[in-house]
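Below are the chains, spelled out letter by letter.
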Amino acid sequence: AQSVAQPEDQVNVAEGNPLTVKCTYSVSGNPYLFWYVQYPNRGLQFLLKYITGDNLVKGSYGFEAEFNKSQTSFHLKKPSALVSDSALYFCAVRDPMNRDDKIIFGKGTRLHILP
Amino acid sequence: DVKVTQSSRYLVKRTGEKVFLECVQDMDHENMFWYRQDPGLGLRLIYFSYDVKMKEKGDIPEGYSVSREKKERFSLILESASTNQTSMYLCASHPRTGKVNEQFFGPGTRLTVL
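Chains A and B, in that order, give the protein sequences.
Using the numbering used here, the letters of the first sequence correspond one by one to residues 6 to 120.
Using the numbering used here, the letters of the second sequence correspond one by one to residues 32 to 145.
Incorrect hints may appear among the rest.
The calculated lysine-lysine pairs, modelled on DSS-like cross-linking and capped at a C-alpha distance of 25 Å, are [as the list claims (entries may be wrong)]: (1) Lys101/B / Lys84/B; (2) Lys63/A / Lys34/B; (3) Lys130/B / Lys63/A; (4) Lys107/A / Lys84/B.
Hints listed in this document are in silico derivations from the structure and should not be mistaken for laboratory results.
Fair warning: this is a prediction, and the values are worked out from it, not measured in the lab.
Pulled out of the complex, with its shape left as it was, chain B reads as follows (with noise of 0.2 Å):
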């Protein structure tokens, strides 16, 4: 089974700090995305990545930035985290086969900044 796994399930941060949540694939998956799920919002886009070293901005970039240095982990980076920033964020992953892949999620980090 393709195991998505984040680094934290539930996160404290304070206004101004900056702030990691890391992703983990196990599948060797070429994509990686990080969306932020909001009530009444559904899921939105941040940034994805199609391999190491690359990164597309998705459709809510602002104040965040993304790493990917190994293929397997993308890291999403609060630079100065700000209550707006509060919300469940979600990391996915699919291999790029030329078929249509289903998305493979990790458990969520719920990120509270006061």
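Extracted from the complex, chain A is given alone in its bound form (with noise of 0.2 Å):
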């Protein structure tokens, strides 16, 4: 069965600061992995997602994820963080091997950027 864990339900960095949030995940086979981020009172925005190939991808406003099979991660990065940035983030995982196109969310990670 598949899964996905958000190990953090909080995570504070300062302004300026490099930011990570981290995503585990558990699939059959290779994972198809997204990010989305929800600000306050709105619904989920997309961020990025890994199919395949390179393991580093790049998203909207400057996020990034480094998919790392050996851990079974795609946590999610950015260089310079934001006050804008603040907002509640969720990984999720779809497996392929499942011939419905369900995804499992985590259950997020409040990202509190400091000014």
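With the hints in hand, could you dock these two chains into one complex?
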């Protein structure tokens, strides 16, 4: 069965510092991986996805994520945090071995960027 | 831009009422999904649909039903609302093109059942 874990409920980072939001996954085969962001009182917005190919994926708003197969991780990163990056971040995984299009979401990590 | 709209941003209902949450997407997407979002639990899939008249149970379908009479519209129905259904409800859609597509989300409906 597929699953995804976000080990940190909250991450605090000073503005201008690099940020990392962690995600690990478990699927039977090679995963499809996604990151979404949710700003207050809004729906989820897609940031980036990994399907295949280059392990470093670049997405919206300067975010990137690195797929690490040996560590079954897909951490979200940004070199220099902005206060406006404060939001709730969700990692999600889809198992290509499943015929349906369901994806499983992590429980979310709240990112606070401190001015 | 893909637009997914939900009929209400905030909704307050009483225990035992029948509740309809409507979702409409304007990009001719085949797949549509209903999730509920609760603090510390993330998003949990209630129901999804691959096409008109089709529906599949997600991970937490109990107490809910759905209707998809038109491709663009996917309705979530709470037959008899209960206080434990107080939550944020999110609708999403994506095309079925053979590629791996991300989901597009609506703004959410925050439902309170008193």
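Hint consistency between Lys130/B and Lys63/A [alpha-carbon to alpha-carbon, up to 25 Å]
holds, 18 Å
Within a Cα-Cα threshold of 25 Å, do Lys63/A and Lys34/B meet the stated pairing?
holds, 24 Å
Does the structure keep Lys101/B and Lys84/B at a Cα separation of 25 Å or less?
holds, 8 Å
Assess, step by step, whether the Cα of Lys107/A is no farther than 25 Å from the Cα of Lys84/B, and give holds or violated.
Given pair Lys107/A, Lys84/B holds - Cα atoms ~18 Å apart, limit 25 Å.
Of the hints listed earlier, there is not a single one the structure fails to meet.
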